[in-house]
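A.B. asks: Single-letter residue listing:
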Amino acid sequence: MDYFLELFFGGLTRGSIYALIALGYTMVYGIIELINFAHGEIYMIGAFSALIAASVLTMLGLNQIAILVIASVVAVIYSSAYGFTVEKIAYKPLRHAPRLSPLISAIGMSIFLQNYVLLAQTSDFLPFPALIPEFAFMEPYSHIISSAEVVILMTTAFVMVLLTLLIKFTKIGKAMRATAQDRDMAMLVGVNVNRVISVTFIIGSSLAAIGGVLIASHIGMINFYIGFIAGIKAFTAAVLGGIGSIPGAVLGAFVLGWTESFATGYVSSDYEDVFAFTLLVFILIFRPAGILGRSTTQKV
Amino acid sequence: MKKLLAGRLLVAAVLGMFALFAAAGPAAAQETVKFGVAGAHSGDLASYGISGLRGVEQAVKEINAKGGVLGKQIQIVPEDDECKPEKATNAASKLVSEKVPLVIGHICSGATKSAMGIYKEAKILAMSPSATNPDLTQSGDYPNFFRTIASDDAQAKMEVDFALNTMKFTKIAVLHDKGDYGKGLAEFAKKFTEASGKAKVVLYEGITPGAVDYSAVIQKIKKSDAEAVIYGGYHPEAAKLVMGMRKKKMETVFISDDGVKDDTFIKVAKEYAEGVYATGPKDTSQNPMTVAAVEAHKAEYKSDPGAFYLNAYAATLALANAINKAGSTEYDALTKTLRAEFVETPIGKISFDERGDAIGVGFSVYQVQKGVYVELK
Numbered sequence: 325m326d327y328f329l330e331l332f333f334g335g336l337t338r339g340s341i342y343a344l345i346a347l348g349y350t351m352v353y354g355i356i357e358l359i360n361f362a363h364g365e366i367y368m369i370g371a372f373s374a375l376i377a378a379s380v381l382t383m384l385g386l387n388q389i390a391i392l393v394i395a396s397v398v399a400v401i402y403s404s405a406y407g408f409t410v411e412k413i414a415y416k417p418l419r420h421a422p423r424l425s426p427l428i429s430a431i432g433m434s435i436f437l438q439n440y441v442l443l444a445q446t447s448d449f450l451p452f453p454a455l456i457p458e459f460a461f462m463e464p465y466s467h468i469i470s471s472a473e474v475v476i477l478m479t480t481a482f483v484m485v486l487l488t489l490l491i492k493f494t495k496i497g498k499a500m501r502a503t504a505q506d507r508d509m510a511m512l513v514g515v516n517v518n519r520v521i522s523v524t525f526i527i528g529s530s531l532a533a534i535g536g537v538l539i540a541s542h543i544g545m546i547n548f549y550i551g552f553i554a555g556i557k558a559f560t561a562a563v564l565g566g567i568g569s570i571p572g573a574v575l576g577a578f579v580l581g582w583t584e585s586f587a588t589g590y591v592s593s594d595y596e597d598v599f600a601f602t603l604l605v606f607i608l609i610f611r612p613a614g615i616l617g618r619s620t621t622q623k624v
Numbered sequence: 025m026k027k028l029l030a031g032r033l034l035v036a037a038v039l040g041m042f043a044l045f046a047a048a049g050p051a052a053a054q055e056t057v058k059f060g061v062a063g064a065h066s067g068d069l070a071s072y073g074i075s076g077l078r079g080v081e082q083a084v085k086e087i088n089a090k091g092g093v094l095g096k097q098i099q100i101v102p103e104d105d106e107c108k109p110e111k112a113t114n115a116a117s118k119l120v121s122e123k124v125p126l127v128i129g130h131i132c133s134g135a136t137k138s139a140m141g142i143y144k145e146a147k148i149l150a151m152s153p154s155a156t157n158p159d160l161t162q163s164g165d166y167p168n169f170f171r172t173i174a175s176d177d178a179q180a181k182m183e184v185d186f187a188l189n190t191m192k193f194t195k196i197a198v199l200h201d202k203g204d205y206g207k208g209l210a211e212f213a214k215k216f217t218e219a220s221g222k223a224k225v226v227l228y229e230g231i232t233p234g235a236v237d238y239s240a241v242i243q244k245i246k247k248s249d250a251e252a253v254i255y256g257g258y259h260p261e262a263a264k265l266v267m268g269m270r271k272k273k274m275e276t277v278f279i280s281d282d283g284v285k286d287d288t289f290i291k292v293a294k295e296y297a298e299g300v301y302a303t304g305p306k307d308t309s310q311n312p313m314t315v316a317a318v319e320a321h322k323a324e325y326k327s328d329p330g331a332f333y334l335n336a337y338a339a340t341l342a343l344a345n346a347i348n349k350a351g352s353t354e355y356d357a358l359t360k361t362l363r364a365e366f367v368e369t370p371i372g373k374i375s376f377d378e379r380g381d382a383i384g385v386g387f388s389v390y391q392v393q394k395g396v397y398v399e400l401k
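Protein chains in written order, with this note's numbering: chain A, 325 to 624; chain B, 25 to 401.
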């Protein structure tokens, strides 16, 4: 039973990370129907800026919790700025171009950001300090679920509730839903579509940055390439859950995390990805729009 | 009539040339001992072959300066095979017709394999400074083959020996990164562990390089109750595995290869790296013979020696020593002496085992102690 629980929570943690990144994919897709391939790189930049902030703060001698919070804030601001700029530079000029053009632009942005970090930082792996403290009260359960994993799960849950409230009950949330339904119509009734799109990119990038800080602190190492694989997996999760749907992205991420964890635990890690993608194919055969995806126009 | 005369002249000329060669052949043989040197001296992999050739040249220079072998000077007979098996057979045939008693080479494993049959029939001994394919010595097909480099499976053997004999573990988990290098090593480690009968492989699995985390695999290691993990692969995944294990309070011993014996591993895993074992090439850079050999290369070519320079240098010294000790260049005497005598070379004090692998060459076990890899004696 312990073994099952360990795998369950391991998969849940992994799923939470995928979810934080997948939300960015799904929100952007919901609003402008663009697959933002540079999103994984935003996650990586979040981890890097947190590392730099944490190194500086450690030298100043702050305590662990303060470092975690400040480093996360720095990462969120930095990543949001990158997300915002990427949209302005690479996607906005192509808003009325054929759909393939922004897609290629996104791939180009992804390659550019990877190489930019490679040149500005290093190609080596860098150690990332364990920012999440070990709680004493978690000690008896630490073999099943570690403090870091608890923090990751709680943060993900908290962020998700916040995001749902934002979209359901605020003015900008309403504007986002309107833009997702029909961009031209929203524009006609006075919604500032460009601003809505910018806000979407900023929110998506912030979530990715939080994911970057949490997973880097949990794993303990980063390099310029981590965004690529995490991005691919998160994108898979978004498709699995139904791209464009927010609860779908979260559910898809958990399903993917569990599939990987249990496939490794009970079968073999040689086939981890085989199981994950077989599941994806099966779900898409029976539900082409994903688990929670709807073929109607409502996407956010 | 005129035609006939021209024909006769031609025949005479050809015969004359044969006579010339025939006269030159034995005359040279009386004064020198020929060392065939085969390998890629041109083509894509020329740098490997040339590093070997230079090693032989410098060693021969040193030996000849001291009076050569059996009172004769050594003469080098180079043959190019471009590391291609089909050219290697040609090169081998040429060396056989040159009547060399031994060959230093070939360089690439594939080329070496295709040439060995020809040498075997001609009773010529071959010693490679660089061919690492395990089959060359383990299959038993090439009794005339020797080498001064450790074979591909030597690291796996070292790791398994260490785990089973030094540490006395009985339950081993073998992991790899699904790559050529890592998986190859892991397969050997599994084979050796099972063949020893002393321990069981309780887990054998490939992990996905670059995955977000390895928590599921780590739980599996824990469940398997393995006392040690033998990992084949490179340091980024090893660091993730070791950190994950230590954070889950697992004390499982971690043993890996020279892909992990890298300072980046310690830099990334920091305090979690303490106590990790890794095999790596023996450190011989402080050996005075090594220093002298490297200096000789620098003086001659104004550059640092290439990959197999020292191995070829050592092979030449070992062969010259065996000829002197055996008192002849005859095949049986030579192979027997090579297996019996130890000789000081730039890669350490070496001899050869029954299969032709060098004893005393190869790998050491290192352990991370206080943030640095320390060689365990």
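Quick caveat, the hints were computed from the structure, so don't treat them as lab data.
Heads up, the beta-carbon is just placed ideally off N, CA and C, and yes, glycines get one too.
Careful, some of the hints might be misleading.
Pairwise CB distance ranges, derived in the manner of DEER restraints [unchecked claim]:
hint: 1; chain 1: B; residue 1: Lys322; chain 2: A; residue 2: Tyr327; range: 40 to 48 Å
hint: 2; chain 1: B; residue 1: Asp287; chain 2: A; residue 2: Asp506; range: 56 to 64 Å
hint: 3; chain 1: A; residue 1: Leu608; chain 2: B; residue 2: Pro109; range: 42 to 50 Å
hint: 4; chain 1: A; residue 1: Phe436; chain 2: B; residue 2: Gly234; range: 29 to 37 Å
hint: 5; chain 1: A; residue 1: Asn518; chain 2: B; residue 2: Gly234; range: 30 to 38 Å
A.B. asks: Taking the hints in turn, state whether each one holds.
C.D. replies: Status of the hints after comparison with the structure:
Distance hint for B/Lys322 and A/Tyr327: a CB-CB separation of about 59 Å, inconsistent with the stated range 40 to 48 Å. Between B/Asp287 and A/Asp506 the CB atoms are about 58 Å apart, so this pair conforms to the stated range of 56 to 64 Å. For A/Leu608 paired with B/Pro109, a C-beta distance near 48 Å keeps the hint of 42 to 50 Å intact. Separated by about 20 Å at the C-beta atoms, A/Phe436 and B/Gly234 break the suggested range of 29 to 37 Å.
Between A/Asn518 and B/Gly234 the beta carbon distance is about 36 Å. The supplied range of 30 to 38 Å therefore holds.
Hints 1 and 4, counting from the list given before, are not met by this structure.
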